[in-house]
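This is what each chain is made of:
2 protein chains.
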Amino acid sequence: MKIAVLGGDGFVGWPTSLHLSARGHEVHIIDNLSRRWIDTELGVQSLTPMDSIQERTRIWHQETGRRIHFHLLDLASEYERLKSWLAEHKPDAIVHFAQQRAAPYSMKSDRHKNYTVNNNVNATHHVLNAIVEVGLDAHLVHLGTMGVYGYSTIGAAIPEGYLSVGVETLSGDTVQQEILYPANPGSIYHMTKCLDQLLFQYYAKNDGLRITDLHQGIVWGTHTEETRLHDQLINRFDYDGDYGTVLNRFLIQAAIGYPLTVHGTGGQTRAFIHIQDSVRCIEIALSNAPKRGDRVKIFNQMTETHRVRDLAEMVAKLTGAKITYLPNPRKEAPENDLIVKNDQFMELGLNPITLKEGLLAEVVDVARKYSYRVDRNRIPCVSAWTKDLAPTIERDPEGRRLKSVS
Amino acid sequence: MKIAVLGGDGFVGWPTSLHLSARGHEVHIIDNLSRRWIDTELGVQSLTPMDSIQERTRIWHQETGRRIHFHLLDLASEYERLKSWLAEHKPDAIVHFAQQRAAPYSMKSDRHKNYTVNNNVNATHHVLNAIVEVGLDAHLVHLGTMGVYGYSTIGAAIPEGYLSVGVETLSGDTVQQEILYPANPGSIYHMTKCLDQLLFQYYAKNDGLRITDLHQGIVWGTHTEETRLHDQLINRFDYDGDYGTVLNRFLIQAAIGYPLTVHGTGGQTRAFIHIQDSVRCIEIALSNAPKRGDRVKIFNQMTETHRVRDLAEMVAKLTGAKITYLPNPRKEAPENDLIVKNDQFMELGLNPITLKEGLLAEVVDVARKYSYRVDRNRIPCVSAWTKDLAPTIERDPEGRRLKSVS
Ligand SMILES: NC(=O)c1ccc[n+]([C@@H]2O[C@H](COP(=O)([O-])OP(=O)(O)OC[C@H]3O[C@@H](n4cnc5c(N)ncnc54)[C@H](O)[C@@H]3O)[C@@H](O)[C@H]2O)c1
Ligand SMILES: NC(=O)c1ccc[n+]([C@@H]2O[C@H](COP(=O)([O-])OP(=O)(O)OC[C@H]3O[C@@H](n4cnc5c(N)ncnc54)[C@H](O)[C@@H]3O)[C@@H](O)[C@H]2O)c1
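In order, the protein sequence lines correspond to chains C and X.
For the first sequence, the UniProt record's numbering begins at 1 and goes up steadily by one.
For the second sequence, the UniProt record's numbering begins at 1 and goes up steadily by one.
FYI, nobody ran anything at the bench for these hints, they're computed from the structure.
Among the hints, a few may not be true.
Taking lysine to aspartate or glutamate and the DMTMM-like style, the derived pairs with C-alpha atoms no more than 20 Å apart in a straight line are [stated by the list, open to error]: (1) C:Lys387 to X:Asp110; (2) C:Lys331 to X:Glu332; (3) X:Lys331 to C:Glu133; (4) X:Lys205 to C:Glu168; (5) C:Lys108 to X:Glu80; (6) X:Lys291 to X:Glu347; (7) X:Lys83 to C:Asp110; (8) C:Lys205 to X:Glu347; (9) X:Lys90 to C:Asp39; (10) C:Lys90 to C:Glu78; (11) C:Lys387 to X:Glu168; (12) X:Lys387 to X:Asp110; (13) X:Lys108 to C:Asp207; (14) C:Lys387 to X:Asp388; (15) X:Lys341 to C:Glu168; (16) X:Lys205 to C:Glu80; (17) X:Lys331 to C:Glu283; (18) X:Lys2 to X:Glu332; (19) C:Lys291 to X:Asp388; (20) C:Lys83 to X:Asp207; (21) X:Lys387 to C:Glu78; (22) C:Lys205 to X:Asp388; (23) C:Lys387 to X:Glu332; (24) C:Lys322 to C:Asp310; (25) C:Lys341 to X:Glu168; (26) X:Lys387 to C:Asp388; (27) C:Lys205 to X:Glu332; (28) X:Lys108 to C:Glu133; (29) X:Lys387 to C:Glu133; (30) C:Lys108 to X:Asp294; (31) X:Lys205 to C:Asp294; (32) C:Lys291 to C:Asp207; (33) X:Lys205 to C:Glu335; (34) C:Lys2 to C:Glu332; (35) X:Lys387 to C:Asp39; (36) C:Lys90 to X:Asp110; (37) X:Lys387 to C:Asp137; (38) C:Lys108 to X:Asp207; (39) C:Lys205 to C:Asp137; (40) C:Lys387 to X:Glu80.
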């Protein structure tokens, strides 16, 4: 297949591009490299030394003889170039990672809120609009998030995208209907993924587009089979308070002797998936496209759920690290249960890598190796969800070096 | 109250501004005048000769001694100016009409789809974001549409925004929950109003904003008590295939001896409201604001439902006009029932103006008076909902003078 990987320079996009290229697909990365610019804005960098996308694809060719093509293009502001690109290359499938994906970054300031909404909505809408306009029959696979469901459930398991509900009709009968799971996003970032869902539903219905939406859990780990092939193929590994996600942050904190920072009681239950499985799931989704006229196919792309404080304890036990509890900058329920269905991927043969698999230690090893690159001041999460929560965060006189206080 | 009317130069915004000013409120219109530009783009004009906004507000002052202030500002692209404006003026309430509101216009081409999504999402998000940032406690009243519900119902009455559904829990019990009515938009325009709903839900929950969303039916009529005061206070009156809405179009067609153009079988049932009631409803909504922390308050702003072909027959009977049936450019069910609840406005004292009230004839009179301004070539609706439906529309060699063919 000819596959366009939108956002292929990112944390999940890069190993996905390598994986699909290794399987013999013709891979084209489209990215505006905005994520690298955000590193510059925040004064942070990937824990792992990450080469330019041009250099990484050169090394991939050198090591494997395969080519991954790179195209610099901003999906949110260059609609006409996107359209021409699709008309010229006519990909069979499009994997869409290209959005601002950090909840804390989306909450930093009003500018960041506007950027996230504008970038994410327009990127998704332009892709859909251009597919229709060019008359492509490409299968679109989008990376969504488990966060669209919200985390306070009513004691029902979270289904795969669609919820069966009973609705009372005029005659007094109750009829059963499948509806898109009612959105309940916890941040501006998560909200944009809920907006995406409506865009997908509309374009599948009106224009018959074939769309798969993957509601992904929190990705952990850093290496995949392909990134291990050469030092310069190494994946991005975020540890800062904005882009670092909870489990990877704990593992890095442990590696550098920084206390594991748990927000609130740590009673939040979250869904997780290892980066290697994430990449495999995308491949599985690509080989199981919906038919024209089908509704949007939704998978839950996660393999296990854990309470945040249990994860902290697990990492503490493995590494001897200490745990500190900080005030929670997020507006969310302090404790929640989470039961998630992922039957579709399991039936299609996913054999999950769980936390027990020993890969936690591998991540700590990677983190130790590059620990000299860590700026400890960048570790705390300093975005507050509301103005009321802002005082829980400490700022220096320039407002730049920020630390959470307990 | 000090009230900002966003989009106050439009068809509903202008009579609302007059009505609120007449009731003694301090009214500030914010508008980028994009609707006037779209007239220019399409080569159409309001049936009624409409003065500049500056001139209209001057006449209003001359006639009543009251001032309506006008501020030229693009909500979608001038966030910083919006924020400064709100910080300076601190309105008690904000009425938000400022969106691209025609479904056919939103479906004209990929450029129009992008424009509608970008304009409408960013306009709404900027307003919400700025209210939070400035720390205003203003009540936001937004004009949504009945179209967010979609028009194929399951034989249940359409509730006011929230639907009670039964969800099965893990223990096998069914619990009853109120959810936002599942979105089922029929065009890009309607879809943006569904996106708005999620933005409102999020900002009400996360930031405690006080928001009312009015799901309005199709507005008919042209005069209100205040626009009748002076010729130059006359309201905009759209008759073209993009902006003209069904009942008003029939009345104009009748006035100029053009056959009433019914799309498909005319079996679509729609909800309607007279412009005078629309204006009253907004006043009622303003005096019944939700409290901080409440969920978004949703009203159905409509007073009666009718099947399109019944309306055509009613107008034909009143005026002697003929009816022609044209292929439907919209992708929708050919026939549907529609039962809509509007209990909240009725309980708050709305005394609806119905089609029986004799105002149909008034509209025909206005249309006859200005019939010399009608360009008959602009009457057909020439936007097709999908590429498959496009051949139902006839284009001249320049692709400009377009006519529907049956
Ligand atoms: N990392 C996780 O734990 C996780 C969990 C759930 C879902 N997801 C989703 O998976 C996707 C990928 O996540 P990631 O961790 O790889 O994110 P990332 O930030 O590392 O990668 C996103 C890439 O998209 C690019 N991009 C952003 N906006 C663009 C635009 N307008 N035009 C072109 N390129 C643009 C960025 O430059 C970046 O390379 C995201 O959509 C994210 O929401 C990630
Ligand atoms: N007219 C109807 O039958 C009807 C029915 C249901 C809902 N509504 C809703 O009511 C609202 C008003 O409808 P209308 O018929 O008066 O529409 P309109 O097009 O006549 O007025 C909209 C006004 O908003 C302004 N505007 C648009 N984008 C803007 C931006 N980015 N910044 C500043 N100003 C901007 C336009 O210039 C225009 O004056 C709309 O939101 C519409 O969706 C209308």
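Checked hints:
1. C:Lys387 to X:Asp110: At roughly 39 Å apart (the allowed maximum being 20 Å), Asp110 of chain X and Lys387 of chain C break the hint.
2. C:Lys331 to X:Glu332: Measuring from Cα to Cα gives roughly 40 Å; hence the hint is violated.
3. X:Lys331 to C:Glu133: holds (17 Å)
4. X:Lys205 to C:Glu168: violated (27 Å)
5. C:Lys108 to X:Glu80: holds (17 Å)
6. X:Lys291 to X:Glu347: holds (19 Å)
7. X:Lys83 to C:Asp110: holds (10 Å)
8. C:Lys205 to X:Glu347: violated (37 Å)
9. X:Lys90 to C:Asp39: violated (37 Å)
10. C:Lys90 to C:Glu78: Since the Cα atoms of Lys90 of chain C and Glu78 of chain C sit roughly 18 Å apart, the hinted pair holds (cutoff 20 Å).
11. C:Lys387 to X:Glu168: violated (37 Å)
12. X:Lys387 to X:Asp110: holds (11 Å)
13. X:Lys108 to C:Asp207: The hint holds at about 14 Å.
14. C:Lys387 to X:Asp388: violated (50 Å)
15. X:Lys341 to C:Glu168: holds (15 Å)
16. X:Lys205 to C:Glu80: violated (37 Å)
17. X:Lys331 to C:Glu283: Answer violated: Lys331 of chain X to Glu283 of chain C is near 34 Å, above 20 Å.
18. X:Lys2 to X:Glu332: violated (42 Å)
19. C:Lys291 to X:Asp388: At roughly 18 Å apart (the allowed maximum being 20 Å), Asp388 of chain X and Lys291 of chain C satisfy the hint.
20. C:Lys83 to X:Asp207: violated (38 Å)
21. X:Lys387 to C:Glu78: violated (23 Å)
22. C:Lys205 to X:Asp388: holds (14 Å)
23. C:Lys387 to X:Glu332: Distance ~44 Å between Lys387 of chain C and Glu332 of chain X Cα, so the pair is violated.
24. C:Lys322 to C:Asp310: holds (13 Å)
25. C:Lys341 to X:Glu168: At roughly 15 Å apart (the allowed maximum being 20 Å), Glu168 of chain X and Lys341 of chain C satisfy the hint.
26. X:Lys387 to C:Asp388: With a Cα-Cα distance of about 50 Å, the restraint between Lys387 of chain X and Asp388 of chain C is violated, given a limit of 20 Å.
27. C:Lys205 to X:Glu332: holds (11 Å)
28. X:Lys108 to C:Glu133: holds (12 Å)
29. X:Lys387 to C:Glu133: Holds. Lys387 of chain X to Glu133 of chain C sits at ~9 Å (cutoff 20 Å).
30. C:Lys108 to X:Asp294: violated (25 Å)
31. X:Lys205 to C:Asp294: violated (33 Å)
32. C:Lys291 to C:Asp207: holds (12 Å)
33. X:Lys205 to C:Glu335: It holds: about 18 Å lies between the C-alpha atoms, which stays within 20 Å.
34. C:Lys2 to C:Glu332: Roughly 42 Å separates the two Cα atoms, so the pair is violated.
35. X:Lys387 to C:Asp39: Between Lys387 of chain X and Asp39 of chain C the Cα gap is close to 42 Å, so the pair fails against 20 Å, i.e. violated.
36. C:Lys90 to X:Asp110: holds (18 Å)
37. X:Lys387 to C:Asp137: Answer holds: Lys387 of chain X to Asp137 of chain C is near 14 Å, not above 20 Å.
38. C:Lys108 to X:Asp207: Between Lys108 of chain C and Asp207 of chain X the Cα gap is close to 14 Å, so the pair holds against 20 Å.
39. C:Lys205 to C:Asp137: holds (14 Å)
40. C:Lys387 to X:Glu80: holds (19 Å)
When the structure is compared with the earlier hints, violations turn up for hints 1, 2, 4, 8, 9, 11, 14, 16, 17, 18, 20, 21, 23, 26, 30, 31, 34 and 35 and for no others.
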